[in-house]
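Chain residues, written in single-letter form:
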Amino acid sequence: MEAHDNCQVNYEELPQILVLEPPPIMIFYGDQFLKNFRLLKAWESQLPLDQFLTIHAQSVQALLSPGRYLLTTDILQLLPSLQLVVTTSAGLDHINLPECRRRGISIANANDTYSADVADMAVGLLIDVFRKMSSADSFVRKGLWPTKGDFPLGSKLGGKRVGIVGLGSIGQEVAKRLHAFGCRISYSSRNKKPYVSYPFYPSVVQLAKDCDVLIVCCGLTQQTHHMINKDVMLALGKEGVVINVGRGPIIKEEELVQCLVQGELGGAGLDVFENEPNVPGELFTLDKVVLSPHRAVHTAETLMAMCELVKANFEAFFSNKPLPSPIVLNN
Amino acid sequence: MESIGVLMLCPMSAYLEQELQSRFNLFKLWTVPQKPQFLKEHASSIRAVVGNAAAGADAELISALPKLEIVSSYSVGVDKIDLDKCREKGIRVTYTPDVLTEDVADLAIGLILAVLRRLCASDRYVRSGAWKKGDFRLTTKFTGKTVGIIGLGRIGMAVAKRAEAFNCPISYYSRRAKPDIQYTYYPSVVELASNCDILVVACPLNEETWHIINRGVIDALGPKGVLINIGRGPHVDEPELVSALVEGRLGGAGLDVYEKEPEIPEELFGLENVVLLPHVGSGTVETRTAMADLVIGNLEAHFLNKPLLTPLV
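Which chain is which? The protein sequence lines are A and B, in order. For the first sequence, the UniProt record's numbering gives the first residue as 1, with consecutive numbering after it. For the second sequence, the UniProt record's numbering gives the first residue as 1, with consecutive numbering after it.
Same shape as in the complex, but just chain A:
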């Protein structure tokens, strides 16, 4: 439904979208990209959420969900007319999927809009850990090069065995990039991918045993929660490096910190943590760790593309057209 330039559109007649909390695109760019819709902004109300929804959201058909706000059964129950959830994330771990499936609620996500940026971040973190870039940059800025002399040597990337955990869109982009660096790629995934030539490992521990690096690119589910634990890290070994651009809880953070501090693990590059924005203080003392504040997708280009995709999904829904980036809910 388009707002025509040459006639007054009654704001009340614009299709309504419920927004519980502003997603990053709205924080960075405002809500102009959704100007053809009427936004019901729950966070601006003084009312507690359940009251707000009961009073204002009974006929709401569409919801814009940011990646971190939990869409629980309790909330969904207060939205009897809900037919569509558009999430700005690629991950779906914040949405009660069984409940959506039961209610016949469609979901559209970021699809692979983010994949390149996340892959770029994963590769960047890996190079940083191996070649100690952040540590060296810090060394230089403290004026230590003239006084302390040569900076410690890093480790060569070429020939290293990289295990990708989760070979979805992001994992495949990571593989493509690291292949060009001469890394030897293998992977583990829920299922073996039929057209992929990289060696497949059914278990992450087996993958870790045969690799120098693990790159976590999978989604957070019940199965992947704390999947990267002490056993996996010990299998990876004292020179092993873990890169996480998935979700913090995929790694058992307590054990990661222990292994790093005790020298059981060689290094880590982390964009996500179990309890963001809190990061275990022990990691701050380690040079072999590179830390990033959950921003693998926060580039201007990609967030603008995300605005366009979100808008396109809502426009399609309200015009009864196929969604550009629908999720198929598996059983």
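Be aware that one or more of the hints could be misleading.
Covered, in the sense of this in silico footprint (three residues per stretch, anywhere, with C-beta under 8 Å from a C-beta of chain B), are these stretches of chain A [claimed, not checked]:
1) 37–51
2) 147–158
3) 180–189
4) 280–293
5) 301–311
Derived DSS-like pairs: lysine-lysine, alpha-carbon spacing no greater than 30 Å straight-line [as the list claims (entries may be wrong)]:
6) A:176 with B:161
7) B:133 with A:288
8) B:132 with A:288
Derived from the structure by calculation, the hints contain no laboratory data. Positions of the beta carbon are idealized from the N, C-alpha and C atoms, including for glycine.
For this one, chain A is given, so just place chain B on it according to the hints.
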């Protein structure tokens, strides 16, 4: 070979020192109290010089070593060696190509990602506790950006291959267009800079390429452009670079080399759009070992009258 005098010009590798010490009569120039005195005493026994990116056999040193037969550089860049003088005197020169190509190219891409995606700045952000107060700002996407490479030799080609995996269109400048290359050629550095987002310096340093990155090139690259220098400091007019960065006329820079290492203009220390590395392009355990083995292999080959492994002259 223990009687053969080998002069090492500066500290560069404990491993290399050990290996040279066990095979030759090793002199370490940096431990000598009085250079002129030392040269007077020992010059006639020195038949080889080992230098690196920081120090090489220049005309003065060559003149002071009448028995010099071979200069073996622990580097691929030979700008510190007087090659003409070596040719004139029949002195062999070896260097360390190929073994460090991948590491240097890896670091070039690392620098690009670090600058565009602010990896080092955001690592500092988290460590300072600032994340608890707010999110880090938006950064710039790398995938798909145009990468311009100055010098399409071994290292330049390796950078191109990696950047292609990020879907980056590649363009280049070199003295002549390369016939079998699919990348876009520009006949001048200014034109290359005008038409790319990220400019990578990957050529050797010589008279023609000194200050090849000058004010004109920096202006052409512009306020959104990023310069990556993995070549030699003197490739860049450093004061011009610093003022362009400070004034916002250049978008960012990733530097591994500087005009007067280890000195770096302090104005750069406060800039978030700059990444500063202490000349670590080939700085991995694996590669430095391979480089040292090449230096030793070349020296041994020479003194055993066998073909040199990686001769330049």
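Structure-based check of all given hints:
1. Counting residues of the region 37–51 of chain A whose beta carbon lies closer than 8 Å to any beta carbon of chain B gives 0, which falls below the threshold of three, so the coverage claim is violated.
2. Coverage of the region 147–158 of chain A by chain B holds. Counting CB-CB distances below 8 Å, 9 residues qualify, and the rule asks for three or more.
3. With 3 residues having a beta carbon nearer than 8 Å to a beta carbon of chain B, the region 180–189 of chain A meets the requirement of three or more and the stated coverage holds.
4. Check result for the region 280–293 of chain A against chain B: holds, 5 residues qualifying (beta carbon to beta carbon below 8 Å, three or more required).
5. Coverage of the region 301–311 of chain A by chain B holds in this model, with 3 residues showing a Cβ closer than 8 Å to a Cβ of that chain against a need of three.
6. Between residue 176 (chain A) and residue 161 (chain B) the CA atoms are separated by roughly 12 Å; this keeps the pair inside 30 Å, and the hint holds.
7. Straight-line distance between C-alpha atoms of residue 133 (chain B) and residue 288 (chain A) comes to about 25 Å, which keeps the hinted pair within the 30 Å bound.
8. Straight-line distance between C-alpha atoms of residue 132 (chain B) and residue 288 (chain A) comes to about 22 Å, which keeps the hinted pair within the 30 Å bound.
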